[in-house]
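Line order of the protein sequences matches chains W and V. Take the first sequence: its position 244, counting from 1, is numbered 244 in UniProt numbering, and each next residue is one higher. Take the second sequence: its position 23, counting from 1, is numbered 23 in UniProt numbering, and each next residue is one higher.
Don't read these hints as lab results, they were simulated from the structure. Hints are not guaranteed to be accurate.
Listed next, the in silico BS3-like pairs over lysine-lysine satisfying Cα-Cα at most 25 Å (straight line) [said to hold, decoys possible]:
id	chain 1	residue 1	chain 2	residue 2
1	W	K188	W	K275
2	W	K252	V	K167
3	V	K122	W	K275
Stretches of chain W that chain V covers, calculated by requiring three or more beta carbons in the stretch to come under 8 Å of a beta carbon on chain V [as the list claims (entries may be wrong)]:
id	region
4	256-264
5	369-382
Remember, predicted model here, so these are calculated numbers, not experimental data. Glycine is no exception: its CB is placed at the ideal position from the N, C-alpha and C atoms.
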Amino acid sequence: MSHTGIRTAAAAVTAVAVLASVAGCGSGGGSDGKSLRYWSMWTENEPQAEVLKSAIKDFTKDTGIKVDVQWQGRTVMEKLAPTLTTGKVPDLVDQSDDKMYPTLIASGRAKDLSGVFDRPATGEKGPLSSKLKMSYMDYLRELPDGGGKKWMVPYEVTSVNLWYDGADKSVKAPATWDDLLDTCAQLKKKDRACISADGDQPVYIGWWLDYLADRIGGDGVMKKAITDKSGKGWDDPAVKEAAEKVRELVDKGYLLKGFDASKYPEQQNRWAEGKAAFNLNGSWLPTETAKFAKKGFDVKAAPFPSAVPGKGGKRNATDVRLFGFAVPKQAKNAAAAEKFISYFMAKKRLDGIASKAGNITPRPDIEAPPVLKDVKEQLESTPSREQMPGSVTDYVDKVFYPAYKELFFGEATPDQFLAKIKKLHTAYAKARR
Amino acid sequence: MAVLTAGRREGGGPPALSRNRETPLAIKRRRLFWPFVAPSLAFLALFYIGPLLFGIWTSFHRWDGFSAMEWNGLGSYRALIDDPFFRTSMLNTFKILVFVGLAVFVLAFALTMVLREMAGKKFVRAVIFFPHIVNAMVFGVLAGFLFNPGGLVNSALSAMGVQDPPKWLGSDNIFPLIMATMVCTSTGFYVAIIMAAVDNIPTYLYEDAELAGAGAFRKFWHITLPLSWDVVTVCAVLWTISSVKVFELVLVFGGTFTTNGPPIETWTSALYIYRNAFAGSDIPQFGVVCAAGITSLVLVAVFTVVLRRLMRRDPVEY
Chain W
1 MSHTGIRTAA AAVTAVAVLA SVAGCGSGGG SDGKSLRYWS MWTENEPQAE
51 VLKSAIKDFT KDTGIKVDVQ WQGRTVMEKL APTLTTGKVP DLVDQSDDKM
101 YPTLIASGRA KDLSGVFDRP ATGEKGPLSS KLKMSYMDYL RELPDGGGKK
151 WMVPYEVTSV NLWYDGADKS VKAPATWDDL LDTCAQLKKK DRACISADGD
201 QPVYIGWWLD YLADRIGGDG VMKKAITDKS GKGWDDPAVK EAAEKVRELV
251 DKGYLLKGFD ASKYPEQQNR WAEGKAAFNL NGSWLPTETA KFAKKGFDVK
301 AAPFPSAVPG KGGKRNATDV RLFGFAVPKQ AKNAAAAEKF ISYFMAKKRL
351 DGIASKAGNI TPRPDIEAPP VLKDVKEQLE STPSREQMPG SVTDYVDKVF
401 YPAYKELFFG EATPDQFLAK IKKLHTAYAK ARR
Chain V
1 MAVLTAGRRE GGGPPALSRN RETPLAIKRR RLFWPFVAPS LAFLALFYIG
51 PLLFGIWTSF HRWDGFSAME WNGLGSYRAL IDDPFFRTSM LNTFKILVFV
101 GLAVFVLAFA LTMVLREMAG KKFVRAVIFF PHIVNAMVFG VLAGFLFNPG
151 GLVNSALSAM GVQDPPKWLG SDNIFPLIMA TMVCTSTGFY VAIIMAAVDN
201 IPTYLYEDAE LAGAGAFRKF WHITLPLSWD VVTVCAVLWT ISSVKVFELV
251 LVFGGTFTTN GPPIETWTSA LYIYRNAFAG SDIPQFGVVC AAGITSLVLV
301 AVFTVVLRRL MRRDPVEY
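Please construct the entire structure, taking both the sequences and the accompanying hints into account.
Here's what the structure looks like:
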């Protein structure tokens, strides 16, 4: 072999070696029923991960099934997508229902978990479904081809509420929209802001319109507006009335200054400092703002004002978002994965999600952490609905936010807002046909 | 380069130069051509050309990333035409390319002129170059601290008695702020390159011009600019390429990364592609995403070629 030949060979060998090391990154999983692969939405040092970790340890001890867990973080679905066409799909994943939808549900790649609901949780009597508040799942979208809604076993429930400081004597939970306006007017007289909002959070400010439209015209109003391709849903008078009410808050100066130029989470932190009375936010708010809370702050949650006189009376549904497990259809160890779900959903293990991770669980028999007591009561006594029903990130980016922020920032009248959102909606529908 | 030359000679060299008459060195060089070039070529094909072709192929299909591809013809390109925000994103990219580019070059030349005769110019050059080393994300995050309603800038303004400061991070103001940030962070890099070229211009030319009564602008127009033109041309291409890739600054500047992206009015073409492909709760439309990528690639390629044409001059020998 000449020198050149040797060099050529060496180059080729190097190239092959590099390629081989690139290709060799993945690792296969067995299918002996003695192990399962779990990809989690949590990162390793989050409280939820700690709770899951200790459950996994006990699970392996009790059943002999090894759990190979990878803490993938919030992008777990993006990482899952490419594995769905290979044999290397994990056996168990978790995320919120809306994040799981495009990857697992829309194309029918999740397993129907009815069996888990029908069986008792490990060490308990009676089916799991009898231990959970099953109506939380009413808003979930169905698997295609009549697969039903039981593609997810939720272990954490979040909701959207009106938050305030129970220790603040001049603030009380508003029962009706007019109560809220009254409280705001009283505060305004004392030169205090009523509501804080981070204007750069499309969905957070969107909840005002969404909840109002629900209270005025029912859950179907926003769903039709968002999902009806023709855009006619935005013509519903309930949407216009809701928009007028949102604009009223802005025009009367009830919003804490800076709402239209803030960088999240500035304004919600100002709320915790007591600069504004109310913040419409998720049940994660107390945890997020804990270190900014002023001394003696008594975090309380009120339902979104539940009645608009003359319109819809006592509509009082609560926005809910579920976090839970799903099992991909091609999972090789689906049985082991289901076994783990049943194991984790037992009261004594799921309790960690409330007591250690500070969240509400779907089991009424597990006590909520103290700051979320109100929320749990509210969740269990009202129907559940999906926030901004039917919307996806792309729609919020391209249709809802560009139009709605002009209304919320006081730059557009309700009519101008509706005209713009209809125009953007039509363009969006056309580009997506 | 030597290797390349040897390789070319093999194919299209003059016929008189037959193999037998090649020097031993040339023969060795010729033999080494493929062993040296092949690995890079393989990588280029595998990681650039292959994906590019795949991207073109995908742009003619509907594809969510894992189901079977479905032929869509020019549907994705039509969807882009129908999407008003694709135009906004492309327009933003071109705004950065042209307006920020012009500002950067005007400033870079102005600074070069000032620095040329300044004491301690190396130190000053290092200082203005420094922002280029720092990751653009840092400036994006910093902007939040500076321009929030309760941030440093407004605190300073209210201390000076300004009661109603501008809405810095209001969605109309974010993009101009982003462009201003880019001017500040990019200028130093081009000052460094242009200064290197200007330093090579013999001083006697400037002395001569001064004797002839030329002012600062005349000296710039008749000496500096023509004699550094080659470098400016290269800089212009570098700028074009880097401005198309602007991404992380916009991503963290406009909003908060963890929950939502920046407002759509600030998207550049790179962000449009990212948000459409990996935005979270939506079924990815990789066909449209690839079409957007290919479209912006073509537009930028055309722009670069036109720019090179327009800037072509005969080199000045000195």
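25 Å limit on alpha-carbon distance, applied to hinted pair K188/W and K275/W: 12 Å, holds
| query | Is the Cα-Cα distance between K122/V and K275/W 25 Å or less? | reply | 50 Å, violated
If you count the residues of the region 256-264 of chain W with a beta-carbon closer than 8 Å to a beta-carbon of chain V, do you get 3 or more? Since 7 is at least three, the answer is holds.
- prompt: Has the region 369-382 of chain W got at least three residues whose CB is nearer than 8 Å to a CB belonging to chain V?
  reply: Three-residue rule not met by the region 369-382 of chain W, so violated; n is 0.
**Message:** Given the hinted pair K252/W and K167/V, is their Cα-Cα distance within 25 Å?
**Reply:** With a Cα-Cα distance of about 19 Å, the restraint between K252/W and K167/V holds, given a limit of 25 Å.
Taken one by one, the earlier hints fail for this structure at numbers 3 and 5, listed in ascending order.
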